[in-house]
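Spelled out from the first residue to the last, the chains are:
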Amino acid sequence: MKKNQEREVVKAPSLQFSLKMKLTTLFVWVCMFEIAANSYSQNTKISLDIKQASIETVLNTIAEKSDYQFFYNKIDFDTQQKVTIFAANEPVTSILDRLLQKRNISHDLVNSHIVLFPSSKIKKQSLLQQEILSTGTVVDAYGIPVPGVSVTVKGKSQGTLTDFDGNFAIRVQPGSVLQFSFMGFETQMITVVDETSLNIQLKEASQELDEVVVVGYGELKRTEVTGAISSVDATSLEKLAVPSVDARLQGQVAGLNIGATSGEPGATTNIRIRGNNSISGSNRPLFVIDGYPMDEGAEAASWGDGGASYDVAMNPLSMINPDDIESIEVLKDASATAIYGSRGANGVIVITTKSGKIGKAAVTFSTRQSISPVPTYFDMMSGSEWRQHFNWFQENIEGNEPRYSSEEIANAPNTNWMKEISQVGQMQQYALTAKGGSDKVKYYLSADYLDQKGVIINSDYTRANVRSKIDARLNDKWSANLNINYNRSYAQRRTVSSYSVDFGGPVFRSLIAHPDKLPLDDQGFNTELDDQGDFYANPLSEARDLFNLTDNQSTMINLMLRYKITNGLTFVISSGNSNITSLREMFFPSNTSGGNRFNGRGVYNTSFVNTYRFEPYVNYIKKIKSHNLNFTLGASYNTTGMKSLLYSATNFPSDTFGSDAMHLGADIFQRSNNKMERSLKSAYYRANYNFKGQYFLSFTGRYDGASVLAEGEKWLFFPAFSAGWTMSKASFMRPFKSLSNLKLRGSYGKTGSQSVAPYSTFTLLSKQNPPLNGSEQFGQGLDINLGNQNLTWEVTTQADIGVDLGFLNNRYSLTFDYYDKSTDGLLQNKQLPPSSGFIQTRANLGTIKNSGIELAIKAGIIENTNFNWSTGLTFSNNKTEVVNLGDANVIIEGKNLVNGLISEPSNIMQQGKPFGAFMGYRVEGLLQADDFDTNGEPLVPLFNSERTLGSWKYKDLNNDGVINSADREIIGDPNPDFTMGWTNNFSYKRFSLSTVVYASVGADILHAMRAFNYTGTSKFNGRSEWYQNRWTQENQHNNPLYPSYTPNTNLQVNDQMVEDGTYIRLNNVTLSYQIPSFSVFNSVQLNLTGTNLYTYTNYTGFNPHVNSRGTNTIIQNVDLGGYPTPQTYTLGITLNF
Amino acid sequence: MKQPKNNIVAKFYGIYCAVLLLLVSTACNLDETLYSAASRENYFVNAENAESGVLAIYKLQNKIYGNVDFGMPRFTFLTAPHASSKSAGFRIYSNYTFSPADMNLLRLWESPYRAINQSNTIISSLAKIGMNIEKRNALIAEAKFLRAYNYFNLVRLFGEIPYSNQETLGEEDAYAPFLSVAEIYTRLLEDLSEATMDALPDVRMDTEKGRVSRAAALTLKAKIMLTMAGKPLEDNSHLEEAAIILTELVDNSANYELELLDDYTSIFATDNKLNKEVIFAIQNEATVELGGTSISFTSSPSWSLTNTKGNGLYAVDGDWYANSFIDGDKRREVIVDSYYSYKHKKIVTWGTNPYVDGTTRGLFPWKHRDPACTTGNNGSTDFIIFRYADVLLMHAEVENERNGVTPVAIDAINQVLNRANANTLQLNQDPNGQAWTKESLREFIFQERMRELCFEFHEIFDIRRFGKVQWSIENSRDCIEGNVSYDPSMDYFPIPTSEMNARD
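Line by line, the protein sequences give chains A and B. Taken in order, the first sequence gives residues 1 to 1137; the numbers are from my numbering. Taken in order, the second sequence gives residues 10001 to 10504; the numbers are from my numbering.
Source of the hints: derived by calculation from the structure; they are not laboratory data. Honestly, I wouldn't trust all of these hints.
Straight-line alpha carbon distances no greater than 30 Å define the calculated BS3-like cross-link-like pairs of lysine-lysine that follow [claimed, not checked]:
hint, chain 1, residue 1, chain 2, residue 2
1, B, K10086, A, K955
2, A, K1019, B, K10086
3, A, K625, A, K221
4, A, K895, B, K10086
5, A, K767, B, K10135
6, B, K10209, A, K767
7, B, K10128, A, K767
Okay, chain A solo, but in the shape it has when bound:
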């Protein structure tokens, strides 16, 4: 748009017009832009690096980078002069001074417009003309007159102040530059040409205060925001080299907690805004990408797993390339999220992708190349030690002959299984983007390809994205925006969430496998199977031969049409469609533990999820004197169709074809076919009102209807209210000059959740085919879930108070929020007496409260032309309280830790206890000789009659003389006390350095591998540390960390597995260097990034951020052989053409 104006000015007959006419034209433009451009981001500082280019090119570049527009007459000076200029984060006016002054060109700044004219003209005119009277009015961005503005003539001592109505009058020579300055506003300069009355509009000083914040169905200026909304812009995200956006957000936003679940490529994260609200529903925030709400749970893995319990889905956010993101808004409180009513309860993350800009096409190619060294291994028992221990076990526990001779012990192989399954990880990423546009059409096109090989062999992840974003101005009234995104992600996975030992996966296997077995033999990997009943499976077979594929494709298309009814009133129709096709293929060959007993086992699940959305709404902006109104009213229809086909079979005559030939599986293990639909209908509004940009009120509401809820309970209204006062604008605050911003905010409102499966109100039937007389008959039996015909919304009520503080033109800023929210009518499975024939019903029961504080500090510590240092700190503390679950006795249990071995749940929900607290036994010591009387009868209760000296002595918590599951209590809290993020950005000339440090303090981890590696259970390998310190006749002690021996039946969830998961991690260090433009390149940037460089922790597993159960709501922080998170070193090159 900007460039064409220049051209028009150049080519039009108006070239010959006087400057006065041009300025008149300019003011018309200014007025128009006030309406059209009220959402421009006014970044006044830019960086430039241009060699031997025309002035015109430089001006175009500045225009593109700064949003300033240039007006000049090409015949006035030579715009093709070649110049060279470099600027690092320098104000535009200063750059222009350097660029233009020596070439005798003057410039004037009017709002976002810069007028250029030969300096000679001023001189001539001033010589010819006498002093004139310049008059005018000074108003602020809202058109409110500003009294007391100092009006001075540049370079002279002459000056005046505006009166109460913002008017001024001053005698100057034509061509003089008038300077308008007032605290809190940017100083403006304007060249006086004649006696035309001037209308000066001052802009608020800080860039940050002028930021635009994307909210639901519209935008707001940062200054107008009264809800709790945090913004992250592209520059903070681009510096990080990790391939998914959620990982890049870690530590960047107060109140947003990103918990990694695994170091596996493509692994998902647990994303929480202000804690967990729900037990059975989802706690994941709603992601809205360019206005399109994303659906979750669309992956085939989440639809069942053929009994293998591999239900952890891949990262759903892999569908967006983080480098395509322009900005991210995190909507946290009710006033911000209520417009998303039904889905806003967990907060909303609004992602805006990059758009094309007016200007000539800019093409960028970038690549990243990473390597990850193999992870650090644990010190495990040697082959000889293991054989020795096994002999001890045979002799002393089993009463058998020892299995290994002393020769066999001495010559035992010593295999480091973790090493055998590890490799150097690699990642390569290539991205190509093209952007540009005219005032009619703007485009942003990007394609990226990423290929990652994990640090465990055969784990890899491939992703390809193609994105197209087109903005078109069709005519004066209509404009359109079309977004198309295609994504494919493909992962061969090696870590799994398994609930059984058989399906533990290679990492788990490598930690338990006997070290005295050889990793290879001539037969391949299939000779060392569990034919001795030792739970042994070759980890290498698991890593190499297991086939575990997730293959997702998604297409998202969104078309937004805008119709401008009148100035300020716009009608928008946004509609779109997203399709996710997902395939989960698994094959456990007969030489793997998962396939051995089944003679090969295959799983082939497909799912198709299709969402259709239609959202018409109107925006109305009205300004009446000091009253400003911004109103949105709209409706929405959203329907999701889901189809899936699940098939698993066993008993394969050959492993050769794997899951490509599922028909070879002789026995069908599971087959099912699902088709479901859910839809949501809503009407919503938001009314923002402010008075003089100082007092703010906002009312938001959404009336939502959800198909999945019961008849008569489908509809609910979610209102929210917020208010704000920018106290720093009050007159009594004027003396505090260094305080550039002080704003008090408060909000209160309700949001909801309807995240239950479709058909929860029905009592469904399922296939119950009996075998009768040798053949299968058709039977339809009642499901275990009783339909609830009263099912209604889960409602979260949230109050938030916040303060925004800014000093020295917001060079230092601080945002503080305190919130308190209560989620009532929790959607959960209510347990029914099994005698009813049903196990449970979905019901609205119970309350969870979350409260916490959030603090975000930003400081521009050093701001020089050459050297800049800025720092940012976020702090979040959230306390979740399970207030009640409908009944004081109710305990909601997560799945069992390891089926068949540790068949008790690790995490539970209980009234008054932390969310997802660990529950288990207490170990009070080790069994000693004096725990038995002279007849050998025990003096303490034994667990499963285990009497081996030095084995765990469980505490009889209820003192009934028996150790059983009634002797469990809460043994740990997986929720952190607080999390912190600390970012630093340094720049020196062409270099910049940024660091991100993240800390999580006070969360416990259930290090379940301790049950295998620290217990002396005969079948598994152990840590060397255990072996050296274990209880023996010679080394008697009472330290439960090092028992002598524990039979499998006594491996229970207990306090010995609970560890402190506190850690501080240097998440990211990026060093960048910008090479001046050369040859065909406008610029070239080099980045060197280190990720996950150093972690300070006492945790003894691979990672302190881990969850072997992925995104399971109840089961958190359980480590059952989690995939190690590697260090990564990345070299990135960006070429701009």
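With chain A held as given, fit chain B onto it using these hints.
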């Protein structure tokens, strides 16, 4: 100038608001459409669908015993004095130390109730369907039999239990009241009324083979009556009717196509399922999705001489084995007394390894052996619930209870002993050469039932109705070793925690 413009705005505004609200409110409705699954409200509306609802009860039955659900063997077999397990995780059943929160106890509880709820739903749905009356009555009778059978198991296992014969429509119906043991038996006999009996065919035709027959219903009814006569009710009032039923079954066994097979072992063979000795069985079939059972695996020795392997979690006490069967008794053949031990690298035979050896706690009751079963759930052995030998032993028992030691009683027992190649009984003296008394024959019948029906899920029921719970615990090696002594609370299993918690 300004005023009209505002009117235009207002009009536009109004129109667009109206249009968009209209669009959204009519474009869709929020009713849910069911696709790949039916709901009970819309499905059981015709004869064919209702029949599928009845067949589903059999599947729910199959799940009680089959697959990875070991409920019945743990609680009915392991609790007998001659049973044991090498696994500490299983010994909690044989020594009664399991907790009310035990998952397997819960399965034992919830599975029959699922079958009962399905029966209740089908019975009430059938009443509303216009269909052939005979067909309807037959289906109702089938559902009533299965309901009664499941309640019969529950009341024997747990005593006083929640009872409902109405379907659970909403949460408010989910809290059925506890009824006394006597009251529940009354309801069971109501379910097995003359009308029920008359609606069932004497013998199922081939297409319906395996479903409930009149013989099965008569056997169940007689067993209920006999159980009522035992502990704890000691209600003899139905024994006469039981005698009539059992006499009918024995005298007219040909009508019901019932007989004792010559070969004891073949009763349980997977290639001889639903043979003439079988009256009612829970059927398992590995080739049917989730229709297999693990019992062959769990009761087989770990590494046997044959190809079959298992984890040998159930064992028969060696002393009982040695003292209970004479040489040549064919019933010994279904108990494995030797196997190959990988660890010892030799064949282990009973007697070479003492009982205290942690891994070898006895012999393997391999009645449910299935050579094709190699893993946890691909066995196809049926669980025979009622068979003709049981009818004969009940016939003898009822006769003894009513009339003392008579030729009718001795003859019925001898049929069973003869087939097993065991020593038959004399009418005038017991095996020890003493004169028979009612009590000594009752004791003999009890012991004979243990031998004949070992590992067929009768043990705990017989122990209880014969009033031998205390004796059983005092004579169980696992109880003695676990220092467990009898307490009256052991007469029944505890109601699972889940049931009680959900009722608070």
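Each hint, compared with the structure:
no.: 1; hint: B:K10086 x A:K955; in the structure: holds, 25 Å
no.: 2; hint: A:K1019 x B:K10086; in the structure: holds, 17 Å
no.: 3; hint: A:K625 x A:K221; in the structure: holds, 19 Å
no.: 4; hint: A:K895 x B:K10086; in the structure: holds, 27 Å
no.: 5; hint: A:K767 x B:K10135; in the structure: holds, 23 Å
no.: 6; hint: B:K10209 x A:K767; in the structure: holds, 21 Å
no.: 7; hint: B:K10128 x A:K767; in the structure: holds, 23 Å
In summary, the structure agrees with every hint in the numbered list given earlier.
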